[in-house]
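Based on the hints, put chain B in the right spot on chain A.
Number of protein chains: 2
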Amino acid sequence: MSKLRVCSFSLSVDGFGAGPHQDLDHPLGVGAEALMEWFFPTQAFQSRHGPGGGETGVDNDFAEQGFKNIGAWIIGRNMFGPVRGPWLDHGWTGWWGEDPPYHVPVFVLTHHPRPPIAMGGGTIFHFITDGIEAALHQAFEAAEGRDVRLGGGVETVRQYLNARLVDEIHIAVGTALLGAGESLFSGLDLPRLGYGVARRTATARATHLIIQKTS
Amino acid sequence: MSKLRVCSFSLSVDGFGAGPHQDLDHPLGVGAEALMEWFFPTQAFQSRHGPGGGETGVDNDFAEQGFKNIGAWIIGRNMFGPVRGPWLDHGWTGWWGEDPPYHVPVFVLTHHPRPPIAMGGGTIFHFITDGIEAALHQAFEAAEGRDVRLGGGVETVRQYLNARLVDEIHIAVGTALLGAGESLFSGLDLPRLGYGVARRTATARATHLIIQKTS
Numbered sequence: 190m191s192k193l194r195v196c197s198f199s200l201s202v203d204g205f206g207a208g209p210h211q212d213l214d215h216p217l218g219v220g221a222e223a224l225m226e227w228f229f230p231t232q233a234f235q236s237r238h239g240p241g242g243g244e245t246g247v248d249n250d251f252a253e254q255g256f257k258n259i260g261a262w263i264i265g266r267n268m269f270g271p272v273r274g275p276w277l278d279h280g281w282t283g284w285w286g287e288d289p290p291y292h293v294p295v296f297v298l299t300h301h302p303r304p305p306i307a308m309g310g311g312t313i314f315h316f317i318t319d320g321i322e323a324a325l326h327q328a329f330e331a332a333e334g335r336d337v338r339l340g341g342g343v344e345t346v347r348q349y350l351n352a353r354l355v356d357e358i359h360i361a362v363g364t365a366l367l368g369a370g371e372s373l374f375s376g377l378d379l380p381r382l383g384y385g386v387a388r389r390t391a392t393a394r395a396t397h398l399i400i401q402k403t404s
Numbered sequence: 190m191s192k193l194r195v196c197s198f199s200l201s202v203d204g205f206g207a208g209p210h211q212d213l214d215h216p217l218g219v220g221a222e223a224l225m226e227w228f229f230p231t232q233a234f235q236s237r238h239g240p241g242g243g244e245t246g247v248d249n250d251f252a253e254q255g256f257k258n259i260g261a262w263i264i265g266r267n268m269f270g271p272v273r274g275p276w277l278d279h280g281w282t283g284w285w286g287e288d289p290p291y292h293v294p295v296f297v298l299t300h301h302p303r304p305p306i307a308m309g310g311g312t313i314f315h316f317i318t319d320g321i322e323a324a325l326h327q328a329f330e331a332a333e334g335r336d337v338r339l340g341g342g343v344e345t346v347r348q349y350l351n352a353r354l355v356d357e358i359h360i361a362v363g364t365a366l367l368g369a370g371e372s373l374f375s376g377l378d379l380p381r382l383g384y385g386v387a388r389r390t391a392t393a394r395a396t397h398l399i400i401q402k403t404s
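Protein sequences, first through last, are from chains A and B.
Residue numbering for the first sequence follows our numbering, beginning at 190 and increasing consecutively.
Residue numbering for the second sequence follows our numbering, beginning at 190 and increasing consecutively.
Hints may contain errors.
Only some residues are given here: those of chain A computed to face chain B with a beta carbon under 10 Å [to be verified]:
1) SER201
2) LEU213
3) ASP214
4) PRO216
5) GLY310
6) GLY311
7) VAL362
8) GLY368
9) ALA393
None of these hints come from the bench; they were simulated from the model.
Note that the Cβ used here is the ideal one computed from N, Cα and C, for glycine as well.
Extracted from the complex, chain A is given alone in its bound form (with noise of 0.2 Å):
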């Protein structure tokens, strides 16, 4: 059956997702580059962001899980673009250039309609307004079987954990300290609405778990 999946999912070692004081320069918030250490030197990462190359073994084999059978994604308004409110023109498509990393169709939540944007590399942009269950439908008929992954931000993650539609999520905790910034678990009470810890590998780099629904 197909599974809605968040993954590599990387948390400083105080809970936060994403620094605060999201910009155009700092499209994770500031500091949370370092959310990423554990990331940036795999193979997964180099092969699609980087000059190919980079590291294999666990971090990477984690990273790796977050693109296979992917069918569709889903990601918060926030992490397209730094563009608040309604769109002022169509000339935001992304952060990621011309032919973005997702090579599906990316479902992009908003308040604000806006039609679909085609890019390069079979990359489509849908944007919803009707809701999170909504988005998640469509995502899983476009997926045709396969996972929908649930890319961020923070906040939208909470959105889906807290309605129990998230079947799995793989969190990396690396070293960073953030102080400030968007927390994953304040006030998401995991363990009453069904989540559990399945698994939890660490390395030098990060400790990795899958949280799924238990019940």
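Just chain B, lined up with the frame of chain A:
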């Protein structure tokens, strides 16, 4: 120079250092024994609270650090016992029976004065009513050049961190998800307070972090 150290401070994956509903049957709150799963098998624990034996290795090395060169302890009222408000009588002498595992002076933070209690094995409980700095001053004097260990609970550790009085905190994050309880990091901006991660070591049971003052 003597340091104020927090040792073997166990956290859930979601950042709780104690569960909700602390009472006589749940000294750490409901569900919080799971936080200590890395600690119970160690020789450090088994030699003091169990039949002896226990495992050596990295988890044990961290656990043993918490007992090395300690000349005094500071603990919060809630760590001393479940009684709240004024002392109804002097019958409660801690969770630990006649010979508590401290063997040095222990300074208990409280708003309610009470005479010291001399227990077996060198433990003396002193009740300090004039604040965390006064307690620290007296603890350093009593420690005679050795370090002072700050035991907990969570709120007490947060107070000392917020006052920048903690020199080093060792955190052990295992596999438990609590969902509710006392959060260590909520509203605590450690980088702004001058703290950073000095060391991270992960084992099969826990991720150990040493956080120190860097400025």
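- Task: Go through the numbered hints given earlier and state which of them the structure violates, listing their numbers in rising order.
- Result: Violated: hints 2, 3, 4, 5 and 6.
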